[in-house]
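Engineer: Can you join these two chains into the complex? Each is in its own frame, and there are hints to help.
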Amino acid sequence: MKIREFDKSKLPILLFSVFVFALPLILSNTALWLRVFTYVTIFCILSSAMNLMIGFAGQFSLGVGAIAGLAAYTSANLMMRYGFSFWVAFPVAALTATALGVGLGFPGLRLRGFYFAMATLIMQNVIVQIFLDWTSFTKGDIGLTGVPFPTIFGVEVRGIYYAYLCLAALGITLYVVYKLLNSSLGMAMRAIREDDVLTESLGINVARTKMIVYATSSFMIGAAGSLLGHISMVLTPRMFEIGLSFQILVQTIVGGGGTIVGPLVGTSLLTVLPYAVRESYAIQDIINGILMIIVAISFKGGIYGQIKGSLQRSKKEITENKTIDEKTYER
Amino acid sequence: MAYEEIIFLVGAFLVNTLASGLVYSLATTSLTTMYGGLGIPNIALGQFFIIGAYLLYFFYVQLHLNLIISALATMVMLIAFYFLIEKVVFRRFYSAPSGERIVFFVLLTIGMSQILGNIILITFEANTYRIVTPWYYETINVLSFPSPVSYILGITLLSVTLCVLFWFLRYTKYGKAIRALVQDREMTGLMGVNITRMSTLTFLLSSGVASFAGMIYGLMYSFDPSASGMIFSMTFVMMLVGGRGSVLGSMIMGFFFGGLQAALTMFFFPSASLYVFFAVMLIILLAKPEGLFKR
Numbered sequence: 010m011k012i013r014e015f016d017k018s019k020l021p022i023l024l025f026s027v028f029v030f031a032l033p034l035i036l037s038n039t040a041l042w043l044r045v046f047t048y049v050t051i052f053c054i055l056s057s058a059m060n061l062m063i064g065f066a067g068q069f070s071l072g073v074g075a076i077a078g079l080a081a082y083t084s085a086n087l088m089m090r091y092g093f094s095f096w097v098a099f100p101v102a103a104l105t106a107t108a109l110g111v112g113l114g115f116p117g118l119r120l121r122g123f124y125f126a127m128a129t130l131i132m133q134n135v136i137v138q139i140f141l142d143w144t145s146f147t148k149g150d151i152g153l154t155g156v157p158f159p160t161i162f163g164v165e166v167r168g169i170y171y172a173y174l175c176l177a178a179l180g181i182t183l184y185v186v187y188k189l190l191n192s193s194l195g196m197a198m199r200a201i202r203e204d205d206v207l208t209e210s211l212g213i214n215v216a217r218t219k220m221i222v223y224a225t226s227s228f229m230i231g232a233a234g235s236l237l238g239h240i241s242m243v244l245t246p247r248m249f250e251i252g253l254s255f256q257i258l259v260q261t262i263v264g265g266g267g268t269i270v271g272p273l274v275g276t277s278l279l280t281v282l283p284y285a286v287r288e289s290y291a292i293q294d295i296i297n298g299i300l301m302i303i304v305a306i307s308f309k310g311g312i313y314g315q316i317k318g319s320l321q322r323s324k325k326e327i328t329e330n331k332t333i334d335e336k337t338y339e340r
Numbered sequence: 160m161a162y163e164e165i166i167f168l169v170g171a172f173l174v175n176t177l178a179s180g181l182v183y184s185l186a187t188t189s190l191t192t193m194y195g196g197l198g199i200p201n202i203a204l205g206q207f208f209i210i211g212a213y214l215l216y217f218f219y220v221q222l223h224l225n226l227i228i229s230a231l232a233t234m235v236m237l238i239a240f241y242f243l244i245e246k247v248v249f250r251r252f253y254s255a256p257s258g259e260r261i262v263f264f265v266l267l268t269i270g271m272s273q274i275l276g277n278i279i280l281i282t283f284e285a286n287t288y289r290i291v292t293p294w295y296y297e298t299i300n301v302l303s304f305p306s307p308v309s310y311i312l313g314i315t316l317l318s319v320t321l322c323v324l325f326w327f328l329r330y331t332k333y334g335k336a337i338r339a340l341v342q343d344r345e346m347t348g349l350m351g352v353n354i355t356r357m358s359t360l361t362f363l364l365s366s367g368v369a370s371f372a373g374m375i376y377g378l379m380y381s382f383d384p385s386a387s388g389m390i391f392s393m394t395f396v397m398m399l400v401g402g403r404g405s406v407l408g409s410m411i412m413g414f415f416f417g418g419l420q421a422a423l424t425m426f427f428f429p430s431a432s433l434y435v436f437f438a439v440m441l442i443i444l445l446a447k448p449e450g451l452f453k454r
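Here the protein sequences line up with chains A and B, keeping their order.
Add 9 to the 1-based position in the first sequence for the numbering used here, that's all there is to it.
Add 159 to the 1-based position in the second sequence for the numbering used here, that's all there is to it.
Next comes chain B alone, as it looks inside the complex (with noise of 0.2 Å):
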């Protein structure tokens, strides 16, 4: 292989191994903060996900709005669709017994799933949609590799997002008390800590957060429905893999998994991937089912 070919193949990984890491680093960082802090299974989270893509095409171009408008009317209609579902339906449940809460958790969110996934397959239907930016032909050259600006673009707006958030969890007073409530909700309580607030938070947090990752997926790569349960079941081996309520374990697996999903992509067929994530995950789990990062 020639020198130049080296370099354009370690190009096109890099960009391909950040782009996809970085959306899966925080999907499942969503996930485990869910899990972990609220104990709730989040099955919807490929349609909390995917919405995020939709919304956007739906303000920027069908509606022809600036795409920064349409980027914040996207999140502040999912936020507060968010905070309506968390206060009608899921605030209930905090305080059911551990073995009960599970099973309703994983009943109300599967049903979310079933109503969320089918509105878009409703409104939207099962059609493949790119959101075409003016300088979404443009490149710029990685390593000799050209680029697409809008994985640049993209990458630049989830490193700094993960980076935000991260210092969020880690050094605010906030992120302190989401913490604490990963690790003992009762404990967290006795404190003086508002559980029911920062449960709401929480919930707030992590699922825009969801939908804040597919927000930037829809700018980078065209979506269908189905990339809603690709993003699933990735995110919760990912999640299974790292550790539960682990979140610098969720970070490292999102660019762990995307850097194998870029280069078995390069080098053998796309469906390779998830097969091998699923033998990564079914070892992992017999070994060691707590996850590789224990909190």
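With the rest of the complex left out, here is chain A (with noise of 0.2 Å):
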């Protein structure tokens, strides 16, 4: 058996990655870090789903919102009403999200760029207001409280352990993303973000591409929903408004869209944030708008592209130098 040399490009990732994992118990002190901390693993899982739908396969979908929301309904009511576990209770809930969001992305099949954006958009105002008017499943605007906590041999994975199980789902998330991207199937949604009646001409189904793409991100909007109904206090159908749907866009493409790390470092900027500055949403949301004015108009590629930019520049000037030395010197 042969061991792998380590590759001394990946020690910052593994480092990074050991500083994430103990993280929880640097902030395990403050319960309002901890939670910060939970709902950036969280909004990340959803950022990275639509990223995979936007930057990746070019599918502008905005019903982000009713699909996490459908997937926090469903798991909130499966364990409170009927009394099944959560473990049930989450893969079901992931699924009914699954079934929506495929549902949602039917419309893509014909319709292109900023038809289906708006088709999304509408769509999900209408099944916030079906939340509003369905008020033996919702609540209504009353809101849906006490929504309880997993448990796994009777203990209750709340905390810490919350915390732990959401970086875990997180993980799988970018392990999935990952692999898939560098999969035939990653290739064919980045040709349809180019062009897809090329594509289509060059023997790819287009069409069971977009619907594979629908339902895998659908899958992880729905299990991050599930995660976030869980550590809310209250669920009200306004919290999945189109609002949620903006703020993960803004996250993803402040970050920068079409690379796997971008998502997470602007949702993590963007939710750590308004905690930091200790300010209403409102605040927050108009934060939200600025910066992604600003990021439209001075930088395209977003926080993380400007920076991987820069750096491949750099790179790029010292080897043309190289080269022109090396020219002269031949000469």
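Don't take every hint at face value.
As the list claims (entries may be wrong) - Ranges of calculated distance between the beta carbons of each label pair, as one might list FRET restraints:
#	chain 1	residue 1	chain 2	residue 2	range
1	A	V27	B	P448	47 to 57 Å
2	B	F283	A	G149	39 to 49 Å
3	A	G92	B	P256	27 to 37 Å
To be verified - Below, a sample of chain B positions facing chain A; criterion: calculated Cβ distance under 10 Å:
#	residue
4	A161
5	I165
6	V262
7	V265
8	F391
9	V396
10	M398
11	L441
12	P448
13	F452
FYI, nobody ran anything at the bench for these hints, they're computed from the structure.
Even glycine gets a Cβ: it sits at the ideal position worked out from N, Cα and C.
Structural biologist: Right, dumping it as structure tokens:
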């Protein structure tokens, strides 16, 4: 058996993951920051899933809020009303979300770009209206309170354990996204982003690929929505309004869409920021809006894309200088 | 049903249809000219709309100004604001390649809607407001339906505006240039039209029309921050069904959906109309993505 040699370029990633893994232990003294950490992990799942759709496959879907909301309500209702365990309710909720996501994606087979975005956006509004009207399921504007935490062998998973549960879910999500992108399906996705008519003509089944992307990312969104439901004190339909979709979109694009790391950077930054300045949700949304405009005006590819781009440029300059030197030497 | 009851219902339907239909027509025209002419899918339309009502409330109720003066002040302030954001933000992206342009504009207008919406939320909080004019509780009978005076006034003002807008777009030099812009941007430039100036004019005209409609909406109905989301989704449905860039289509669709909403609200529950709108939009989008009225 050959022992694989340790790749030095992976060292920072390894160190960073150890740091992230230790972070809940460091934060465990303050309930607020532990909760913020949990929120960051959940929102990282959401933005990674949205990035899969928008950044990689080029499908501008804005129905994230509704999908997450359906999953949150499903798992909360299954546990509270029918007495199912979390380990049954969680996958069922994620699967329900997948069904909704595929349904929302259906117009995407015919509509492109902006029209698809608008169709999903309006459907998102309608689904929130259904949440508001369907009071036996959601309790309407009063809100669903007392959603229980999951249990393992009779022990309640809360606080630091819940943070680790969410972190594990994020790890699985990132692994799946990474594997998916490096498969032939990932190539097909990126080809669709560039031009789906041309992709079809190359013999790739565009409809099937799109459906797989919708299903995968809705499953992730559903899982995250269910996790979000259990940590929130109260579930109201307003939580899942279009504002949530926009927030996740901002986090994805400010960080840098089309990369795996970008959304994580954006999400961490934008979720921690409002808690750091301790302001209301309205101020947070204003900050989000301003950041969005600044990013749109000043740099393409988001914060992560900008950093990566400047690093590559400096590297390229060095190599270019070298080649010129070598050429002059040869002469 | 007795004969008087039918007359009463017809009167109620007529007044409600005209009131909401005119508001929708103006808002949709605003959306269409901006999307067709400049390629901006104005996601902040709901906020552009409702800020008119809030500013009128601020000037008229909180500062106790005369109604006409407060309406003028509202419009002047908003036009100045739109001029500023057009100059600082939107103008940079008119000449970007069309695939990139739409992403930028979606981002910019989402950002705009977040900023404006939350500024409204902070200053006025999530309460329901109404602008109580001296004649607020008086009524005029229309086919035995006691219609509020504010509805009649609003309908008059809105229909005059709609006619003026239609005349402006159809018969004046500027209107023709704007319609040319909607059809083909580059070609219009080659024909000797100053594109930058025309774009600014289009932006100001369409956002000003939206705010004006919002102002009248504030005079007729009570409003709260959630009205912006409702107006936004309904007008987008109307634009997509009517065909983007088609001013006539959006006007007709405004009346059609206004009437539909009035009927559904009278005989079912208010949010029924949202579901019906959604179903109509989905069918139209899947069957005829370019809309009913091709430009």
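Engineer: Would you mind marking each hint as holding or not holding in the structure?
Structural biologist: Outcome of the hint check:
1. In this structure the supplied range 47 to 57 Å holds for V27 (chain A) paired with P448 (chain B), their Cβ-Cβ distance being about 51 Å.
2. Between F283 (chain B) and G149 (chain A), the C-beta spacing of about 24 Å breaks the proposed range 39 to 49 Å.
3. A hinted range of 27 to 37 Å is violated for the C-beta pair G92 (chain A) and P256 (chain B), which are about 56 Å apart.
4. Using the Cβ-Cβ criterion of 10 Å, the hint placing A161 (chain B) at the interface with chain A is not satisfied: the shortest such distance is roughly 33 Å.
5. Interface hint status for I165 (chain B): violated, as the beta-carbon distance to the closest one in chain A is roughly 30 Å, over 10 Å.
6. Checking V262 (chain B) against chain A by beta carbon gives a least distance of about 8 Å; that is within 10 Å, so the hint holds.
7. Among the interface hints, the one on V265 (chain B) holds; its C-beta lies about 7 Å from the nearest C-beta in chain A, closer than the 10 Å criterion.
8. Among the interface hints, the one on F391 (chain B) holds; its C-beta lies about 8 Å from the nearest C-beta in chain A, closer than the 10 Å criterion.
9. For V396 (chain B), the interface hint holds, since its Cβ comes within 10 Å of a Cβ in chain A; the closest pair sits about 6 Å apart.
10. The interface hint given for M398 (chain B) holds, since its Cβ lies 9 Å from the closest Cβ of chain A, which is under the 10 Å cut-off.
11. A hinted interface residue such as L441 (chain B) counts as satisfied when its beta carbon comes closer than 10 Å to some beta carbon of chain A; here the least separation is about 7 Å, so the hint holds.
12. Interface restraint check: P448 (chain B) against chain A, minimum CB-CB distance 6 Å, threshold 10 Å, status holds.
13. Taking 10 Å as the C-beta contact cut-off toward chain A, the hint placing F452 (chain B) at the interface is violated, the least distance being around 16 Å.
Hints 2, 3, 4, 5 and 13 from the earlier list are contradicted by this structure; the remaining hints agree with it.
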